[in-house]
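So the protein lines, in turn, are chains A and B.
Per this note's numbering, residue 21 is the first one in the first sequence, and the count goes up by one each step.
Per this note's numbering, residue 31 is the first one in the second sequence, and the count goes up by one each step.
Simulated from the structure, these hints should not be mistaken for lab results.
Since the model is a prediction, treat every value here as computed from it, not as a measurement.
Even for Gly, the Cβ is constructed at its ideal location relative to N, Cα and C.
Be aware that one or more of the hints could be misleading.
[Unchecked claim] Which chain B residues face chain A? A few, computed with CB under 10 Å, are given here:
{"hint": "1", "residue": "LYS128"}
{"hint": "2", "residue": "ALA163"}
{"hint": "3", "residue": "VAL167"}
{"hint": "4", "residue": "HIS170"}
[What the hints assert, rightly or not] Chain A side only, calculated, beta carbon under 7 Å to chain B, not exhaustive:
{"hint": "5", "residue": "PRO89"}
{"hint": "6", "residue": "SER90"}
{"hint": "7", "residue": "ILE91"}
{"hint": "8", "residue": "PRO92"}
{"hint": "9", "residue": "LEU205"}
{"hint": "10", "residue": "ILE282"}
{"hint": "11", "residue": "ILE283"}
[To be verified] A few chain A positions that, by computed beta-carbon distances, are all more than 12 Å from chain B:
{"hint": "12", "residue": "ASN65"}
{"hint": "13", "residue": "HIS362"}
{"hint": "14", "residue": "HIS421"}
{"hint": "15", "residue": "PRO446"}
{"hint": "16", "residue": "LYS461"}
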Amino acid sequence: MKHSRRLFFILFIFVSLFLDIAPGFAQDGNPPFVDPNGAWGEVVNPDGSINYANLTDGGVVTQPADWMPSIPGVGPVDAEYHVYTTPSGNTILMPTASTLFFMSANPNESGFNAAATTLGTGGLSTAEGNNTLTGIAGLGAWFAELTGSGADTSTIFPDGNGEQFFNQVLSGETDIYSLGPEGLLNFLTSLANQSGADLANGDGLNLYTYMLLYPPGQCGTVPGGCTPEQLALLQALLPSIDDATPPAPNSCPSPFITPGSIIRAGTLIDPNYPLVVGQDPDKRGVDVSVNVSVRPTIRTYYTPEPIVECKAGANAGGVTNCSMPNGQSGHEKVVGWDCVEHTETYPECISYASASLKLTSESKDWILNELSIHYPGAYLHHPNISMGSSQDCSWTETFDHLQTADPGNWDITISGQTSGTPVSEPRNFGGAAGQFGVWLKEIAIIK
Amino acid sequence: MEITISRNSTVRTFTFAIIILAVIGGGYIAWKTGLLDSLFGQTQTVSAAPANEPAMKSMTAMYSPSGERAEWETQVCIGMTEKGCELFRAMFANPFWKSSLIGKTTSITFIKIADTLEDGSQVWKTEIADSEATLPVYIHVTQNDAGQWLLNRVLFAQEAAKYENQ
Numbered sequence: 021m022k023h024s025r026r027l028f029f030i031l032f033i034f035v036s037l038f039l040d041i042a043p044g045f046a047q048d049g050n051p052p053f054v055d056p057n058g059a060w061g062e063v064v065n066p067d068g069s070i071n072y073a074n075l076t077d078g079g080v081v082t083q084p085a086d087w088m089p090s091i092p093g094v095g096p097v098d099a100e101y102h103v104y105t106t107p108s109g110n111t112i113l114m115p116t117a118s119t120l121f122f123m124s125a126n127p128n129e130s131g132f133n134a135a136a137t138t139l140g141t142g143g144l145s146t147a148e149g150n151n152t153l154t155g156i157a158g159l160g161a162w163f164a165e166l167t168g169s170g171a172d173t174s175t176i177f178p179d180g181n182g183e184q185f186f187n188q189v190l191s192g193e194t195d196i197y198s199l200g201p202e203g204l205l206n207f208l209t210s211l212a213n214q215s216g217a218d219l220a221n222g223d224g225l226n227l228y229t230y231m232l233l234y235p236p237g238q239c240g241t242v243p244g245g246c247t248p249e250q251l252a253l254l255q256a257l258l259p260s261i262d263d264a265t266p267p268a269p270n271s272c273p274s275p276f277i278t279p280g281s282i283i284r285a286g287t288l289i290d291p292n293y294p295l296v297v298g299q300d301p302d303k304r305g306v307d308v309s310v311n312v313s314v315r316p317t318i319r320t321y322y323t324p325e326p327i328v329e330c331k332a333g334a335n336a337g338g339v340t341n342c343s344m345p346n347g348q349s350g351h352e353k354v355v356g357w358d359c360v361e362h363t364e365t366y367p368e369c370i371s372y373a374s375a376s377l378k379l380t381s382e383s384k385d386w387i388l389n390e391l392s393i394h395y396p397g398a399y400l401h402h403p404n405i406s407m408g409s410s411q412d413c414s415w416t417e418t419f420d421h422l423q424t425a426d427p428g429n430w431d432i433t434i435s436g437q438t439s440g441t442p443v444s445e446p447r448n449f450g451g452a453a454g455q456f457g458v459w460l461k462e463i464a465i466i467k
Numbered sequence: 031m032e033i034t035i036s037r038n039s040t041v042r043t044f045t046f047a048i049i050i051l052a053v054i055g056g057g058y059i060a061w062k063t064g065l066l067d068s069l070f071g072q073t074q075t076v077s078a079a080p081a082n083e084p085a086m087k088s089m090t091a092m093y094s095p096s097g098e099r100a101e102w103e104t105q106v107c108i109g110m111t112e113k114g115c116e117l118f119r120a121m122f123a124n125p126f127w128k129s130s131l132i133g134k135t136t137s138i139t140f141i142k143i144a145d146t147l148e149d150g151s152q153v154w155k156t157e158i159a160d161s162e163a164t165l166p167v168y169i170h171v172t173q174n175d176a177g178q179w180l181l182n183r184v185l186f187a188q189e190a191a192k193y194e195n196q
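So here's chain A without its partners, still in its complex pose:
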């Protein structure tokens, strides 16, 4: 009695299922929503009917499959599908009712989960993860929803086997035979009757309640393999097939830092020909200008940036998101990488600086050696003259009437240290930044 009641409900479910799916796509009062720009836009018209004119019929493929139930001494029952290909190279697989059932029972082994996207027909529909499963594939989830929404599970399947059975179909368990020999007989006969009736009527449409879409790159794993057209398309699209493994980013150059140059200048302003102050009754001396500043420090670095191109057809996920030059829809794909240069600028200041005038060593030697022959007792009066210092960010200043008492060449020296930046250390600087001469007036008596 328990089994009779269970079988009654199983048959009730399948009668309901097949009554619902019988109208098929064209007559379905509630057609599935199809994005006309998506992969299914090539397959299904806006009214829900299949756009057969746009599809290439690959015929019915029958082949052994180890995930189908196995007959002792014979081997697995054949899996059977109707195969179509779309203009962009996608494969549409329509398994028969019984094949679909065992596909959904072994979703990984059968390639059910490998489909980029699926589309089902019929009134039984439920969401399972990101997919909406309908018809036979949705039966398990539908049944769970039904029982969870208020129906008394213990009344429908007193021992719970029925619920487990239908849930197992979609959970991927391979042992789906908990229904027992007599229950599975009814179940399989229902599927076979449905298939047989459709075939007898010459109407294969009702037989197929589910469509699975595989992108061109996966046609090798689809029952029946790749069509010649798909192989040709694959050759043409070869660079874009490997959506899953874009090329690795380039190894970009290491970042580097360019320190800003330190600008130093010492200039004689006036007079053009200064006289040593000892011979100048006006004690004019010299006017000298100093200037020091630091240009910004530059940090240069590189980042790998993808090179994206639009490739024909949908990607592995069935998505099209760009247009080819000829108007054909395509998908964006990373085809390579570029190293793009970036710079960062860091301003830098003078931390402190000082300026002085120094008689060159050559001039000192000239005074102490050569000049002392003519002027015995000649000596260095004041060979170093300090001008001043600054702690401003940059320094420009003119020093007037500096009393240069020694003749010869004078170096204008500027020394100090920069402040440094967040990416560079402080730097010392120093040495001659300019030079000028101070003249000695000589009187010679000629016979």
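Use these hints to put chain B onto chain A, whose structure you have.
Then chain B, alone, in the frame of chain A:
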């Protein structure tokens, strides 16, 4: 009016109630644990000559595909239930016809009743043998009104594993 209940009467009534409850409880436990099935289910047996049952003849034909396919399918279906024949033609016939069994002659031997189901149908363990090997095969059979055992279908290997492990 004073009602007098004797001590013996009370003990008898109480003992009787205990016995009734024990019988009901024991029966319930036996039913839940399948003890009744194991005790009384075995009373339903196959005939004395199971090889002559239509189911076994269908099995012999099924595992010896030859001649014209349509004739072979008809021959197999003679010993099958209507539903079993439908399923055989739709799902089983093609794999058999394409298998290496074509042209081979096999013999089928009844081994035992592996299971008796609640609707009265049974699972039989048989053994198929050709010149090279033997293979256990479990079949689901149903008794018709005339008492003959008809073949529903051959159990898949996945289902048979359950009985192999028993």
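TODO: Would you pick out the hints that fail for this structure and give their numbers low to high?
DONE: When the structure is compared with the hints, numbers 10, 11 turn out to be violated.
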